[in-house]
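Peer 1: One letter stands for each residue in the lines below.
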Amino acid sequence: AQSVAQPEDQVNVAEGNPLTVKCTYSVSGNPYLFWYVQYPNRGLQFLLKYITGDNLVKGSYGFEAEFNKSQTSFHLKKPSALVSDSALYFCAVRSNQAGTALIFGKGTTLSVSS
Amino acid sequence: NAGVTQTPKFQVLKTGQSMTLQCAQDMNHNSMYWYRQDPGMGLRLIYYSASEGTTDKGEVPNGYNVSRLNKREFSLRLESAAPSQTSVYFCASSEAPGDPYGYTFGSGTRLTVV
Chain A
1 AQSVAQPEDQ VNVAEGNPLT VKCTYSVSGN PYLFWYVQYP NRGLQFLLKY
51 ITGDNLVKGS YGFEAEFNKS QTSFHLKKPS ALVSDSALYF CAVRSNQAGT
101 ALIFGKGTTL SVSS
Chain B
115 NAGVTQTPKF QVLKTGQSMT LQCAQDMNHN SMYWYRQDPG MGLRLIYYSA
165 SEGTTDKGEV PNGYNVSRLN KREFSLRLES AAPSQTSVYF CASSEAPGDP
215 YGYTFGSGTR LTVV
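From first to last, the protein sequence lines stand for chains A and B.
So that you can map any letter, position 3 of the first sequence is 3 in the numbering used here, and since no number is skipped, the others follow by simple counting.
For any residue, its number in the numbering used here is found by taking its place in the second sequence, counting from 1, and adding 114.
The hints are simulated quantities; they were obtained by calculation from the structure and are not laboratory data.
Predicted model only: the values in this text are computed from it and were never measured.
You may find that some hints are simply not true.
[What the hints assert, rightly or not] Within a straight-line C-alpha distance of at most 27 Å, the following computed DSSO-like cross-link-like pairs (lysine-lysine) qualify:
#, chain 1, residue 1, chain 2, residue 2
1, B, Lys128, A, Lys22
2, B, Lys128, B, Lys185
3, A, Lys106, A, Lys58
4, A, Lys49, A, Lys22
5, A, Lys49, A, Lys69
6, A, Lys49, B, Lys185
7, B, Lys128, A, Lys49
8, A, Lys58, A, Lys69
9, A, Lys22, A, Lys69
10, A, Lys69, A, Lys106
11, A, Lys106, B, Lys171
12, B, Lys123, B, Lys185
[As the list claims (entries may be wrong)] Pair ranges (Cβ atoms, derived):
#, chain 1, residue 1, chain 2, residue 2, range
13, B, Asn184, A, Pro79, 39 to 47 Å
14, B, Ser165, A, Ala14, 46 to 54 Å
15, A, Ala1, B, Met133, 29 to 37 Å
In this text, a Cβ means the ideal position worked out from N, Cα and C, and glycines have one as well.
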């Protein structure tokens, strides 16, 4: 069975500081990993994905994520946080096996203070 | 703009009433999905359709039915609404069941059952 864990309900950082939002996963086969962001009263927007290749993936708005197979993790990072990064972030995973759907974590609220 | 369109955006139902949530995509995607979002629960998969003519249950299918009307449209029906179905419902689509790409999400339907 597939599962995703986001251990932190909320992450607070000061503007200009680096941020990390954690994600661990469990999946049969090789994983496809994703990060989405949701702003208030909006749908989910795609940030970045890991399919194969380099473990460090770069995405939209300066975000990046590092795939760590041994630790089954896919943490989202940004070197310098902006107040506008404040939002709800979801990690998602699916197996590379055909016919499976994305499974989402419970979400982490990122709050960036000025 | 190309994307996923959900109707209605807001709905209030009385317990026991029925309704259908509509979803349409114009990206020629093969696969479509229905999720519900509840505070602290993240997104949970209700049903999905890997391709036209097929539907499969997700994590929380009870109380719902779906119809893949054609390649573009995937509707979600509540036959007898219950307060536990108060939620925000998101429809999504992707190119193919086994593709490594992320999903495109609609803007959501906020449903309240009283």
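Peer 1: Against this structure, judge whether each hint is valid.
Peer 2: Status of the hints after comparison with the structure:
no.	hint	result
1	Lys128/B <-> Lys22/A	violated, 40 Å
2	Lys128/B <-> Lys185/B	violated, 32 Å
3	Lys106/A <-> Lys58/A	holds, 23 Å
4	Lys49/A <-> Lys22/A	holds, 15 Å
5	Lys49/A <-> Lys69/A	holds, 15 Å
6	Lys49/A <-> Lys185/B	holds, 26 Å
7	Lys128/B <-> Lys49/A	violated, 40 Å
8	Lys58/A <-> Lys69/A	holds, 17 Å
9	Lys22/A <-> Lys69/A	holds, 14 Å
10	Lys69/A <-> Lys106/A	holds, 21 Å
11	Lys106/A <-> Lys171/B	holds, 20 Å
12	Lys123/B <-> Lys185/B	holds, 22 Å
13	Asn184/B <-> Pro79/A: 39 to 47 Å	holds, 46 Å
14	Ser165/B <-> Ala14/A: 46 to 54 Å	holds, 47 Å
15	Ala1/A <-> Met133/B: 29 to 37 Å	holds, 31 Å
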